[in-house]
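Student: Please build the complete structure, drawing on both the sequences and the hints.
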Amino acid sequence: MTQSPVVRLQDVTKKIGGRTIIDRISLEVYPGEVFGFLGPNGSGKTTTIRMMVGLMSITSGDILIGGHSIRKEFPQAIRQVGAIVENPELYRYLTGYQNLVHFARMAPGISRSRIDEVVRLVGMESRIHDKVKRYSLGMRQRLGVAQAVLHRPRLLVLDEPTNGLDPAGIRELRDYLRKLAREEGTAVFVSSHLLSEMELMCDRVAILQKGRVVDIRAVRRDSESSEAAPDDVWFDVERPEEALRVLDGLGKGRIEDGRLAVTADRKTVAEINRKLVEAGFSVYGIRVKTKTLEDQFLEVTRGESVG
Amino acid sequence: MADFLRLLQNENMKIYRRVGTWVMYAFIIGIPLVMSLAIISVTPEDPPSNWLFMFIASNILASLIAIFTVVKAADAVAGEFSQGTIKLLLIRPWRRSSILLSKFLAMLLFGLALTAAAFTVTLVVGTAFFGYTASPEDMFSEMGRKNPWGYMLLWYLYQFISAVAVASFAFMMSAAFRSGGLTIGLSIFILLAGGLITNLLSLLDKPIVKYTLFPHLQLTSYLDGGPGPLPQYPMTLGFSLAVLGVHFAVFVAVAWLAFGRRDVA
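Respectively, the protein sequence lines represent chains X and L. Just so we're aligned, residue 572 is where the first sequence starts under the numbering used here, counting upward by one. Just so we're aligned, residue 456 is where the second sequence starts under the numbering used here, counting upward by one.
In case anyone wonders, no lab produced these hints; they're calculated from the structure. For every residue, glycine included, the Cβ atom is placed at its ideal position computed from N, Cα and C. Take these hints with a grain of salt, some might be off.
Derived CB-CB ranges, DEER-like [as the list claims (entries may be wrong)]:
{"hint": "1", "chain 1": "L", "residue 1": "Leu612", "chain 2": "X", "residue 2": "Lys750", "range": "53 to 61 Å"}
{"hint": "2", "chain 1": "L", "residue 1": "Ser634", "chain 2": "X", "residue 2": "Thr584", "range": "25 to 33 Å"}
{"hint": "3", "chain 1": "L", "residue 1": "Ala648", "chain 2": "X", "residue 2": "Gly589", "range": "37 to 45 Å"}
{"hint": "4", "chain 1": "X", "residue 1": "Leu708", "chain 2": "L", "residue 2": "Ser537", "range": "14 to 22 Å"}
{"hint": "5", "chain 1": "X", "residue 1": "Asp594", "chain 2": "L", "residue 2": "Arg716", "range": "17 to 25 Å"}
{"hint": "6", "chain 1": "X", "residue 1": "Asn658", "chain 2": "L", "residue 2": "Ala571", "range": "37 to 45 Å"}
Tutor: Spelled out as structure tokens, the structure:
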């Protein structure tokens with residue numbers, strides 16, 4: 572990541588009526604990265620997004636988009652942003668197309684052919700001339716994405732984008748966002764409380780709790796897990812306490828929830844298995860205990876409700 | 456500049472793509488038609504001149520125009536909030552003041568278009584049903600008898616100025632409270648109760664009533680060289696326009712301040 576970030580939050584704080592809603596958040600999102608903003612409901616995700624797009628003032632700190640401050644150089648900063656804040660609320664009495672024309676007029680240099688291209692991109696050709704009030708939530712979500720990408724923003728901000736989408740729609744959106752990041756180098760900032768969703772979509776996630784970023788971590792993809800890296804592994808074996816003695820400290824053997832657990836790479840797992848079998852234990856199963864983002868999330872937020 | 460015209464184009468699209476707007480136009484066109492048919496069926500032997508008809512019909516339409524313009528002014532900002540579209544509208548490379556200006560101008564243009572439509576329809580319908588008279592003897596006003604064109608044009612101009620004053624109040628409320636219902640309610644209250652409040656204030660026998668908004672909404676009382684809306688306090692048209700101007704400036708300033716800074720939640 573030697574590139575300069577598309578968006579940089581610097582000690583962003585929001586106080587409303589003496590109460591600190593957002594507490595000194597700092598993070599950066601880089602070109603081509605899908606960045607997840609994860610937190611329980613009420614943790615401040617939407618407030619942070621509102622500050623990023625200039626709908627809310629920032630009490631202290633600053634947000635720079637492409638180097639321009641959203642508070643001091645609003646037009647230059649926001650020009651590079653496309654966003655859906657909360658639900659994609661569009662003009663219901665206009666058609667989808669008229670909505671897109673409306674927002675295209677507000678940004679420089681968007682041609683009719685670009686509008687048509689975006690309509691195809693979100694797969695709405697057949698319904699784009701219907702009034703928005705006749706759209707399903709999923710179609711409104713697509714139209715919301717269309718208005719957000721019209722002007723080819725460097726930063727795409729989506730607040731709970733999978734709300735109201737069916738599984739196929741979610742998958743489609745995920746593929747589209749990853750493609751946008753990969754092929755156009757767009758920085759995508761997505762908020763969600765759906766952990767599994769973020770795990771599939773994001774390169775990095777920040778975990779927000781009570782207005783503070785408690786952790787920022789990379790999401791490890793299955794394809795990236797190396798053979799040498801040790802995993803937590805459970806052995807399903809009879810008489811685990813006795814089996815533990817056979818290991819003799821190999822792979823930091825221990826008992827977890829009455830089961831034999833080790834932390835070991837693939838070679839060591841095989842060796843442990845051989846030792847157990849040679850010592851006369853029946854091994855019924857060996858299971859890698861993958862840590863999901865959910866586990867990590869609950870670990871960090873100490874099991875607070877996820878909404 | 457060309458870019459700003461596109462904002463105005465958007466606001467116009469949002470006004471004229473709504474069914475409600477065309478219902479308003481239907482009233483402006485329909486009322487003079489129904490009125491002339493009614494007059495012909497009731498008194499076929501003693502019809503009014505086209506100018507007297509225009510004057511009476513325009514009096515009814517003027518209140519409607521004021522109400523319709525207030526409704527659009529109230530909807531201008533509050534409507535974006537109630538639909539939630541304000542969030543998509545404000546995240547564009549425009550200052551909030553420019554967006555508000557485009558809405559304000561679109562509202563003025565809408566009122567102007569309604570006024571022009573009413574003038575044209577009442578003139579054309581009156582002439583079609585009652586024939587054209589160059590010097591109508593049945594007009595109540597001396598100027599109206601001698602120079603009906605000048606009289607009606609001036610009358611419409613004064614009504615438009617009053618409508619703009621009340622619509623600016625509605626626009627301010629819309630930007631400040633972000634609630635259409637409250638805005639429409641209060642503005643129409645001012646329109647309807649304005650005369651009553653003026654009468655109440657004049658009972659106080661204090662010249663302060665001269666500086667309130669309400670009496671100056673009846674600018675047409677200056678036509679024919681009249682003393683203005685408050686006979687016990689003779690005023691001039693210039694004075695009334697100055698009072699309206701100060702109110703207008705305050706309304707606009709409050710609207711811009713309220714819309715410019717506050718958080719959009």
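Student: Look at each hint and say if it fits the structure.
Tutor: Verification of the hints:
Our hint of 53 to 61 Å for Leu612 of chain L and Lys750 of chain X holds, since their Cβ atoms are close to 59 Å apart. Between Ser634 of chain L and Thr584 of chain X the Cβ separation comes to about 30 Å, which falls inside the hinted range of 25 to 33 Å. Separated by about 41 Å at the C-beta atoms, Ala648 of chain L and Gly589 of chain X satisfy the suggested range of 37 to 45 Å. Against the hinted window of 14 to 22 Å, the Cβ-Cβ separation of Leu708 of chain X and Ser537 of chain L comes to about 19 Å, which satisfies the hint.
The hint said 17 to 25 Å for the Cβ distance between Asp594 of chain X and Arg716 of chain L, and at roughly 23 Å that hint holds. Between Asn658 of chain X and Ala571 of chain L the C-beta distance comes to about 39 Å, which sits within the given range of 37 to 45 Å.
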